[in-house]
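Engineer: The lines below spell out each chain.
2 protein chains.
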Amino acid sequence: MPRPADTSGLRVDALHNRNRILEAAREAFATLGLGVPMAAIARRAGVGVATLYRRFPTRESLITEVFADQMEACVSVVDEALADPDPWHGFCTVIEKVCAMQAADRGFTAAFLTAFPDAVDHERERVRAERGFAELTRRAKDAGRLRADFEPADLVLLLMANSGIVAESAEEALMASRRLVAYLLRSFQADPPGRADPLPPAPPFGLRHMYGLSPARSAG
Amino acid sequence: MPRPADTSGLRVDALHNRNRILEAAREAFATLGLGVPMAAIARRAGVGVATLYRRFPTRESLITEVFADQMEACVSVVDEALADPDPWHGFCTVIEKVCAMQAADRGFTAAFLTAFPDAVDHERERVRAERGFAELTRRAKDAGRLRADFEPADLVLLLMANSGIVAESAEEALMASRRLVAYLLRSFQADPPGRADPLPPAPPFGLRHMYGLSPARSAG
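Heads up: the sequence lines are chains A and B, in that order. As numbered in the numbering used here, residues 587 to 806 make up the first sequence, in order. As numbered in the numbering used here, residues 587 to 806 make up the second sequence, in order.
Don't read these hints as lab results, they were simulated from the structure. Positions of the beta carbon are idealized from the N, C-alpha and C atoms, including for glycine. Take the hints with a grain of salt, since some may be wrong.
Computed beta-carbon distance windows for the label pairs [to be verified]:
1. 778(B) x 609(A): 49 to 55 Å
2. 690(A) x 721(B): 34 to 40 Å
3. 768(A) x 617(B): 31 to 37 Å
4. 785(B) x 599(A): 49 to 55 Å
Looking at chain A on its own, in the form it has when it is part of the complex:
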């Protein structure tokens, strides 16, 4: 799969630097958010700022590369779920796994929800994950397990809600996320026959709709 930065022409020491930068950036984004200064990433990686900028000319290119793995993981989760013979189980598994990834890694959500102009491959994988999830949704509805008025916007709503969790440790965040997801999955289940309980209308949210929103915001 093509990557924003092609590594095939790199010498061994350059590749070593590159991997150290990516590891430092991944950790810095996850703990400090996407706004962490480039100089701080270079320091954590033990490389000069010039080296960092030579490899990754923009913060966006670094973010794209750092999160390419996570995006691939998302796509894999959806692909696995599509192979699940039980569509409701597949649907729940995707939501549980993606929310756990989101809870474990603060930077992940921002990358997932934000568009960067040069994040072409990132975008392609998001579209693939989105289409796969739409197919899962259709199957779970056809199986009578997912409520008929579940909309794609509800996935965005769930990811936003999950991103609102603030905890003192990654373990607590994960615990809180599991509880929230368990509640929401219960409520996504189809009503028993003859007991329809309509919901208020879904907001006009799509992953695409969220591109314009700033990844940095204050609480509240």
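Starting from the structure of chain A, add chain B where the hints point.
Structural biologist: Structure of chain B alone, referenced to chain A:
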């Protein structure tokens, strides 16, 4: 009810300034968050910075006063619900109203979730709202409508989830919040007899537990 800033001794023009400051601050906190510079609030209010600081020596004292009304509204919502003969209806109404307030006003949540050292009255009202809600919870469980394993931490979880909503307008935020709350209230309902569906454990969250967390955080 005692207020952080006693207004009884103020002359008419001073009171007029005070109200303009509070109105400007309320609007600035709601739209820009609690971190908005004091000078920007003074400018919006059309008063000098010195006047602002004479009236409100610290940002905390201004926040406390601005949100005293909202805290009172919260307490009223809980008090009204306690007078509702249907405990499940009362429980749902509190959650719907508080989440709508939270969705309509970004500053509100931060004030609600954050402790300020001199926000004594604010704190007292929060404790009162918290105790009232605990009583509502007990009654809704006794009536067999609220699931027995609902915990106070779930209210915190719901407020966090609701605060994760990011929308392009207050109307969209409110629409999204209503949908999220409708989903969560469905899932808070007691399981039908003989169909118990246990939840993962609740996180160790309390409103008190959240005091140590910073009100300013980045998305994700």
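Engineer: If you check the beta carbons of residue 768(A) and residue 617(B), does the distance land in 31 to 37 Å?
Structural biologist: holds, 35 Å
Engineer: Is the distance from the Cβ of residue 690(A) to the Cβ of residue 721(B) consistent with 34 to 40 Å?
Structural biologist: holds, 36 Å
Engineer: Using the C-beta atoms of residue 778(B) and residue 609(A), is the stated range 49 to 55 Å upheld?
Structural biologist: Once the Cβ atoms are compared, 50 Å apart, the range 49 to 55 Å for residue 609(A) and residue 778(B) holds.
Engineer: Is the distance from the Cβ of residue 785(B) to the Cβ of residue 599(A) consistent with 49 to 55 Å?
Structural biologist: The hinted range 49 to 55 Å holds for residue 785(B) and residue 599(A), with Cβ atoms some 51 Å apart.
Of the numbered hints listed earlier, not one is contradicted by the structure.
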